[in-house]
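Peer 1: Starting from the given sequences, assemble the full structure and let the hints guide the process.
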Amino acid sequence: MTATTTAQRVFTDGATAIVRGALAAGCDFFAGYPITPASSILMMMLQNLPTRGGIGIQGEDEISSIGMCIGAAMAGSRVMTATSGPGISLYSENIGLAVMGEVPLVIVDVQRLGPSTGAATTTAQGDVQFVRWGTGGGYPVIALAPSTVAECYTLTMRAFDLAERFRCPVFLLVDKELALTMRTVDAAGFVDAPVRPRPIVDPAAADPPAEYLYEPAGGVVPMQLYGGKHPVRFTGSTHDEQAFITKNPAVVGALNEHLIHKISDHVAEIAMTRADPEDGARTLLLSYGVTAGSMRDAVAAAREAGVKVAALTVQSLWPVPETAIREAGAGVERVVVAELNPGLYAREIERVLADIEVVGVARTDGRLIPPAELIELIV
Amino acid sequence: MSTPISLTPYPTLRNEREYPFCPGCGHGSVLDSLNEALVRLELAPHEVVIVSDIGCSGLSDQYFTTSAFHGLHGRSITYATGIKLSRPELNVIVIMGDGGTGIGGAHLLAAARRNIGITVLVLNNFNFGMTGGQHSTTTPVGFVTPTTPGGNLENPLDICATVGVNGAAYAYRGTNFDADIADRMAEGIATAGFALLDVWDLCTAYFVPNNKFSRRKIDQTMEALGLDSGVLYRRERPEFAAEYRRQAADHHAGLQVEVVAPAPAARLERRFHFVVAGSAGGRVRSAARLVAAAAMRAGWWSAQRDDYPITVKTGPSVSEVIVSAEEINYSGIDQPDVLVIVSEDGLGKSAAFLENMTSDGTVCLAAGLPLPETAAQLYTIDPAASDPPIARASRALAMVGHAVARTGVVPFDIFEDVAGQGAFGAKNLDLVAAGVALAET
Numbered sequence: 001m002t003a004t005t006t007a008q009r010v011f012t013d014g015a016t017a018i019v020r021g022a023l024a025a026g027c028d029f030f031a032g033y034p035i036t037p038a039s040s041i042l043m044m045m046l047q048n049l050p051t052r053g054g055i056g057i058q059g060e061d062e063i064s065s066i067g068m069c070i071g072a073a074m075a076g077s078r079v080m081t082a083t084s085g086p087g088i089s090l091y092s093e094n095i096g097l098a099v100m101g102e103v104p105l106v107i108v109d110v111q112r113l114g115p116s117t118g119a120a121t122t123t124a125q126g127d128v129q130f131v132r133w134g135t136g137g138g139y140p141v142i143a144l145a146p147s148t149v150a151e152c153y154t155l156t157m158r159a160f161d162l163a164e165r166f167r168c169p170v171f172l173l174v175d176k177e178l179a180l181t182m183r184t185v186d187a188a189g190f191v192d193a194p195v196r197p198r199p200i201v202d203p204a205a206a207d208p209p210a211e212y213l214y215e216p217a218g219g220v221v222p223m224q225l226y227g228g229k230h231p232v233r234f235t236g237s238t239h240d241e242q243a244f245i246t247k248n249p250a251v252v253g254a255l256n257e258h259l260i261h262k263i264s265d266h267v268a269e270i271a272m273t274r275a276d277p278e279d280g281a282r283t284l285l286l287s288y289g290v291t292a293g294s295m296r297d298a299v300a301a302a303r304e305a306g307v308k309v310a311a312l313t314v315q316s317l318w319p320v321p322e323t324a325i326r327e328a329g330a331g332v333e334r335v336v337v338a339e340l341n342p343g344l345y346a347r348e349i350e351r352v353l354a355d356i357e358v359v360g361v362a363r364t365d366g367r368l369i370p371p372a373e374l375i376e377l378i379v
Numbered sequence: 001m002s003t004p005i006s007l008t009p010y011p012t013l014r015n016e017r018e019y020p021f022c023p024g025c026g027h028g029s030v031l032d033s034l035n036e037a038l039v040r041l042e043l044a045p046h047e048v049v050i051v052s053d054i055g056c057s058g059l060s061d062q063y064f065t066t067s068a069f070h071g072l073h074g075r076s077i078t079y080a081t082g083i084k085l086s087r088p089e090l091n092v093i094v095i096m097g098d099g100g101t102g103i104g105g106a107h108l109l110a111a112a113r114r115n116i117g118i119t120v121l122v123l124n125n126f127n128f129g130m131t132g133g134q135h136s137t138t139t140p141v142g143f144v145t146p147t148t149p150g151g152n153l154e155n156p157l158d159i160c161a162t163v164g165v166n167g168a169a170y171a172y173r174g175t176n177f178d179a180d181i182a183d184r185m186a187e188g189i190a191t192a193g194f195a196l197l198d199v200w201d202l203c204t205a206y207f208v209p210n211n212k213f214s215r216r217k218i219d220q221t222m223e224a225l226g227l228d229s230g231v232l233y234r235r236e237r238p239e240f241a242a243e244y245r246r247q248a249a250d251h252h253a254g255l256q257v258e259v260v261a262p263a264p265a266a267r268l269e270r271r272f273h274f275v276v277a278g279s280a281g282g283r284v285r286s287a288a289r290l291v292a293a294a295a296m297r298a299g300w301w302s303a304q305r306d307d308y309p310i311t312v313k314t315g316p317s318v319s320e321v322i323v324s325a326e327e328i329n330y331s332g333i334d335q336p337d338v339l340v341i342v343s344e345d346g347l348g349k350s351a352a353f354l355e356n357m358t359s360d361g362t363v364c365l366a367a368g369l370p371l372p373e374t375a376a377q378l379y380t381i382d383p384a385a386s387d388p389p390i391a392r393a394s395r396a397l398a399m400v401g402h403a404v405a406r407t408g409v410v411p412f413d414i415f416e417d418v419a420g421q422g423a424f425g426a427k428n429l430d431l432v433a434a435g436v437a438l439a440e441t
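Residue numbers (the numbering used here), protein chains in the order written: chain A, 1 to 379; chain B, 1 to 441.
Treat the hints loosely; a few may be bogus.
Which stretches of chain A does chain B cover? Using the computed rule of at least three CB atoms under 8 Å from a CB of chain B, they are [as the list claims (entries may be wrong)]: (1) 29-41; (2) 225-234.
Ranges between beta-carbon positions, derived for each pair [claimed, not checked]: (3) 220(B) x 238(A): 38 to 48 Å; (4) 47(A) x 391(B): 24 to 34 Å; (5) 269(A) x 15(B): 32 to 42 Å; (6) 256(A) x 220(B): 16 to 26 Å; (7) 322(A) x 18(B): 44 to 54 Å; (8) 250(A) x 228(B): 44 to 54 Å; (9) 119(A) x 355(B): 35 to 45 Å.
For the record, the hints were derived by calculation from the structure and aren't laboratory data.
All of these numbers come straight from a predicted model, not from anything done at the bench.
Using N, Cα and C, we set each Cβ at its ideal position, and we do this for glycine too.
Peer 2: The following block contains the structure:
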């Protein structure tokens, strides 16, 4: 064994960690359009993919960027794109296409303050509900929210694993502060997440199965990719298992139930949280993303002052990890939900912990939530 | 004359499905011609991806045994580009209507400029046949549709010229009645770069009855618009996907992440906040970065948060550095311990900091700026009075050097060591020394 490297520290930011995580996960195709504060991911990907045999391209707009990613994914590439809130608006229709066509796709959303153009260089967490409901139909997607620079690396890898496993868009929700503020990070914190091989049909198969499979609903259906020895069909219209357009209610119902169940039946597998319980705590602090950093400082300060408090960092925002939230909320009187938006995720907590007082700390002025504000709300 | 024996392994790439098109619609004959072209090129179904757009033409992929991609309206070219980039050996053919050239106009233009090796067939029937015959980018002036009841007022798009003057390798205009249309399609598909065929045909559901349109009138309209038919553009240019791979072979950009093995940490009593407020273009961020780097070298943790306008060279630039004995979770600064105000821009962004600071804090202000109100200890230095005067873009570093020496936020020898590294190391050290030498005014 060589000497341990745990003492090594790097000065880096979340954007760099995301790029490193993507490359470690085998991402070999990236398309994006310049937008603050996501542009550094675009630049790093375009500068680093060619040396590794990958493809990185700047699209003529956001729509083409996600479109190229979807096309490349169907041809076998591991794809990622990155943008900010206004870009997610332009991705919207293609997010639906990726849901319908069951395309593995990692979408990084570096959130900035909105609405509209808002403030490009100011942080926020305002896209929390938007990424979940941002395309027509209301069908589920997965969204992860790293809360540290090191988690940016690990959860990017996790996002690829989930995208490949569930064949759906996976959002990585970060924000300007986490993506672009440089921090000292313990190098040992960059932990690889396992990225399972993409389930595919043998490209050399002479007699492949149908492109899609709706029974049993929610099952993992191996992908068929362009470029093998058999033709492959893909469509964004309601379709049968051979990807031919149909309006037959029995088939369409089975298709859409499959799209729902492949996420809803696997919430436990997707769920990621970091619980920090304390016996006798009457208050649970709950947060995610960069705001979880404020929460961790608040917890440390409160405990040092002899105040009992529990905390939960939600890393998988969608689907909502209800079991972990219920466990963390068991026995407390109050849940404080801290977030940089008008209180968007607090409504999920109100739904899951319906019998407990939920106090939202909802900041919309572009500043981070100081730990002291959270400490004041501990009972 | 003997019939030649066909050696083509795939006598047809049509499947058994019947076309869904209206009687008299030209789309079926265009697809027959495409099939003829694919057979002539001896392509196997798995070697071809037909990417269809939306509208009547968007149904087309379902009548072939090839691979297929049916996506969103106007975006077919983007999926085709992604497929081609990922798998350059595939023959990627887009089938779109004239409607797609409007909503997807940016993609049409970009594909031609890139010269991405896909083939686009535009089934151009001058209106939106699937949604009720509304006017499109190619409806000629004066023609009647449900959305141009008084006659169309917009000039029709010259699709071939649009791609042709912007880098396409091949552009052809014709009609589905042309005898050589299958040959031209084969020619387009065999072209390494971007090829487009603008194929005019009849929409018997709407455009024909609304305008008493006919096969003869297609030709007359083309002539009246002054548009030529045939192969209009042919150009030798590197194809994008191949060129990208060629260029990548000599490309060297590695992702650099600096690893610092920290020295044993000296004692740090508490978290320390150091803020530099100056102007964009004034190297505020790089000056602050040296403080953060020195802190790391000293074995502490640091964070640097930069606030700047979206403009790069004008307006304020504020860098907030946190130095801590522990990992930094909350990266906000409400109350600086040291605030270096380099310029008027910086002063303008410092109001909240100045208000929050206590008598324990230190404000280092560039001479000539109005003296702000603050409880902190305020002193002024004048970088312009140095001999030689310190240039505007270098004042942040000189003042930061002064403030580090004065406050000891990080050990000065380590700060100097960090500042002296790299291509600008010698110049940085001169500036730091000049800053330290500045007397309080």
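Peer 1: Take the hints in turn and mark each one as holding or not.
Peer 2: Tested hints:
1. Interface restraint, the region 29-41 of chain A with chain B: holds (3 residues with C-beta to C-beta distance below 8 Å; minimum three).
2. Coverage of the region 225-234 of chain A by chain B holds [criterion: at least 3 residues with CB-CB distance below 8 Å; count 9].
3. Between residue 220(B) and residue 238(A), the C-beta spacing of about 42 Å keeps the proposed range 38 to 48 Å intact.
4. Separated by about 31 Å at the C-beta atoms, residue 47(A) and residue 391(B) satisfy the suggested range of 24 to 34 Å.
5. Taking the beta carbon of each, residue 269(A) and residue 15(B) are about 39 Å apart, inside 32 to 42 Å as hinted.
6. Judged by the Cβ atoms, the range 16 to 26 Å given for residue 256(A) and residue 220(B) is violated: they are separated by roughly 49 Å.
7. A beta carbon spacing of about 50 Å between residue 322(A) and residue 18(B) agrees with the range 44 to 54 Å that was offered as a hint.
8. Between residue 250(A) and residue 228(B) the beta carbons are some 52 Å apart, a value that agrees with the proposed interval 44 to 54 Å.
9. Distance hint check for residue 119(A) and residue 355(B): the Cβ-Cβ separation is about 22 Å, which falls outside the suggested range of 35 to 45 Å.
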